[in-house]
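Peer 1: As a plain string of letters, each chain reads:
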Amino acid sequence: MNCAEVRERLDAFLEGRLDAAARAGIEEHLAACVECRQDLDAARFLLGPRAALPRSLDPPTDLWPRIHERIAPRRMRWLPLAAAALLLVATSSAVTLLITGRAPADETAAVPALEQSYIEQAAALSGIVERERHHLAPGTIETLERNLRIIDRAIADSRAALEADPGNPDLRMLLRTSHEQKVALLEQATRIAQEI
Amino acid sequence: MRRTACLLLAASAVLALRPAPLVAQGPARRFAVAPDASVRIVNLVGSVRVIGWDRDSLVVTGAPPEGGGTLLAGGGRAAVKVVVDAGPLPAVGTALEIHAPRMARLWIKSATAPIAVEGMRGEIDVATVSGQISIRGAPSLLTAESMDGDLLIEAPARVTRLKTAGGAIVVTGAAGDVTATSVSGPIRLRGSVITGRLESVSGEIVCNAGVAAGGRLDLQTHEAPITLLLPPGAGVTVEASTYGGRTESMIPGAAGKPTRAKAVQYVIGSGRAWAVLRSLKGDLTLRQALPRPNPSP
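The listed protein sequences correspond, in order, to chains A and B. For the first sequence, this note's numbering begins at 775 and goes up steadily by one. For the second sequence, this note's numbering begins at 2 and goes up steadily by one.
Pulled out of the complex, with its shape left as it was, chain A reads as follows (with noise of 0.2 angstroms):
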């Protein structure tokens, strides 16, 4: 399965829609590829809202009458459309304010969840470079080594920083950067492993 097919399908693996081997498939393709893995989080980190909206708004009922009383009188064709237009406008206003309005505490109890995602990948790959280890050579071990270690420190202050302050946007970027360097370089152990 390659990245298309799979980004395709991240909203039904997501939703439990996919039988069993389609949904193997996606994760052995993500368990490779940190994109598709980035697209996950951000497809799962949408979802919540989403899911609480309703399937479909009705318009609301008394605006048109309104619009069309002011309207009529001036014969202009061309006002029908654009109260179509603030129509839209209007709705997809209601809806954005429906996600919105609700994004700083969701954010908020996103944050575990998206962590969550990162350490599974991180203790996946620490699984199959430590499987690997005798292919490193010790001077490539001890780089991995260390600058793990300077990651996981990172990680542990962002986390520090972040529980102070929940819904700081910018300690919450600092987090997830530092994750997914974590992810990259143990996946870059992990290739070079497996190839050289």
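Hint data in this document are derived by calculation from the structure and do not stem from the laboratory. On a predicted model such as this, the values are computed, not experimentally measured, just so you know. Hints are not guaranteed to be accurate.
The calculated lysine to aspartate or glutamate pairs, modelled on EDC-like cross-linking and capped at a C-alpha distance of 16 angstroms, are [stated by the list, open to error]:
id : chain 1 : residue 1 : chain 2 : residue 2
1  : B       : 82        : B       : 37
2  : B       : 263       : B       : 240
3  : B       : 263       : A       : 939
4  : B       : 282       : A       : 931
5  : B       : 263       : B       : 284
6  : B       : 282       : B       : 249
Chain B side only, calculated, beta carbon under 8 angstroms to chain A, not exhaustive [claimed, not checked]:
id : residue
7  : 112
8  : 146
9  : 149
10 : 164
11 : 182
12 : 184
13 : 200
14 : 244
15 : 259
16 : 262
All residues carry an ideal CB built from backbone N, CA and C; glycine is no exception.
Guided by the hints, dock chain B onto chain A, whose structure is given.
Peer 2: What follows is chain B alone, placed relative to chain A:
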């Protein structure tokens, strides 16, 4: 800090002085190839040097010394593969020199072998564990990765992706979209970009770059300092946030305005480009870059 400065100085010196040409010995092997042929090279130990030229042929020079394995080279017009087959980590390395059409697509892998590429204009994808990567030219797309080898890039690519754990990244003459990430290695960028993202955990970042109007720079560290040098007349809105460090602007007339907790915004000139500096513990500094000398006529 002193180590970082030394590393950057050393990297700059290497970039400026150029490494001595790698000497490849042995009979040359020649292939007629398409101008945009795919060229894949694997040489774990020794050295790899690729030179772009205006011919529709590929020439491989280099022969493994005794105990250095076997050189395998073959393919067709569309793709050529050059591999030094010597087991996981041979005791002796092979110096490979390859002349390739400028627009060829290059893919190179090494373990400790330094990789030097010059004069190429196609896509370049190079990876090494601890060898130094040096790229000069104008590739359309450049991807370079090392575990702790330095990445010395003097190649204004449309898209540049650089990654290292412990090596230094030095980019000169950047253009387009640049992403450079390290864990502990310092990152230095000098040039003009449309978008740039430089990230390090503990490596210092020094960015001396013009940013196109509407462009964006993201500079982020965990604990290392970040210095942004802006050319005279730059129009950039800078948002700087650091939690344990301090933020300082040495740009005349750029007064900081707090925007949210720990974040300060500076509007410099037209402010039409964006720069975001973010760190948990590192100091953030804005400075005026010295005017660049006019290029020689």
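Peer 1: Out of the numbered hints, which ones does the structure contradict?
Peer 2: 15
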